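Engineer: Going by UniProt numbering, 26 is the number at position 26 of the sequence shown; the sequence numbering is gapless.
Simulated from the structure, these hints should not be mistaken for lab results. Mixed in with the good hints, there may be bad ones.
Unchecked claim - The calculated DSS-like cross-link candidates involving lysine-lysine, where the alpha carbons are at most 27 angstroms apart (straight line), are: (1) K124 <-> K153; (2) K65 <-> K129; (3) K174 <-> K129.
To be verified - Have a look at the derived ranges for each label pair, beta carbon to beta carbon: (4) D176 <-> H45: 28 to 34 angstroms; (5) A163 <-> S43: 19 to 25 angstroms; (6) E80 <-> T44: 33 to 39 angstroms; (7) S40 <-> C160: 17 to 23 angstroms; (8) R123 <-> F77: 35 to 41 angstroms.
As the structure is a computational prediction, the values presented were derived from the model and not from experiment. Quick reminder that beta carbons are idealized off the backbone N, C-alpha and C, glycines included.
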Amino acid sequence: MPPKSAKKKGAPSRSGSGDVAILVDPPYLYLGPRSSASASFLSTHGITDVLSIGATPPLTIPNIKYHRISLIDDSAFSIEQVIVDASHIIATVAANPSGRIFVHCSAAISRSPTVVAGYLLTRKNMSLKDALGRLIRARPAICPNPGFLAQLKDLELRTCGEASLDVVALPAKKTDRVALFSETG
Numbered sequence: 001m002p003p004k005s006a007k008k009k010g011a012p013s014r015s016g017s018g019d020v021a022i023l024v025d026p027p028y029l030y031l032g033p034r035s036s037a038s039a040s041f042l043s044t045h046g047i048t049d050v051l052s053i054g055a056t057p058p059l060t061i062p063n064i065k066y067h068r069i070s071l072i073d074d075s076a077f078s079i080e081q082v083i084v085d086a087s088h089i090i091a092t093v094a095a096n097p098s099g100r101i102f103v104h105c106s107a108a109i110s111r112s113p114t115v116v117a118g119y120l121l122t123r124k125n126m127s128l129k130d131a132l133g134r135l136i137r138a139r140p141a142i143c144p145n146p147g148f149l150a151q152l153k154d155l156e157l158r159t160c161g162e163a164s165l166d167v168v169a170l171p172a173k174k175t176d177r178v179a180l181f182s183e184t185g
């Protein structure tokens with residue numbers, strides 16, 4: 001594993017494109033791993049706010065507002081209030097025409113994608129399948145843990161009255177995850 005200092009500058013990791021941020025909802029919502037929170041990335045994309053889910057940002061940059069919400073990547077941990085709080089922060093940034101937010105956790109595999117999917121579900125009226133499909137097609141490494149997935153499915157039932165995704169856990173292989181969502185628009 002590379003030393004932490006190798007990631008502080010936002011240099012690409014050995015895993016290649018799996019370690020880069022993605023634009024989830026143009027023009028304001030970006031998602032990625034903590035290593036993408038570099039000064040060059042944030043500046044290049046006009047990021048005004050950074051929302052750290054569980055992970056502390058690698059560095060802080062002047063003129064950027066930082067938010068942090070604790071979330072343990074544990075299937076038993078409740079995501080409900082985290083999604084409410086994060087969705088409020090994201091919506092507040094989105095309401096500003098020049099607002100841009102980067103949401104991250106350590107690796108952007110489970111925690112931050114769960115939160116962003118919850119935002120898309122509750123604030124953008126997307127089905128869970130569409131929300132996760134958008135994220136996974138752009139970043140195949142995304143794989144919310146089974147407990148988070150179950151809670152997202154419950155949230156969708158309460159919010160939309162129906163379930164769009166009929167799996168208990170997402171496939172372990174990236175290609176299988178992408179295939180599961182390939183027919184989603």
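Engineer: Does the structure break any of the earlier hints, and which numbers would those be?
Structural biologist: Hints 2, 5, 7, 8 are the ones this structure does not satisfy, whereas the remaining hints hold.
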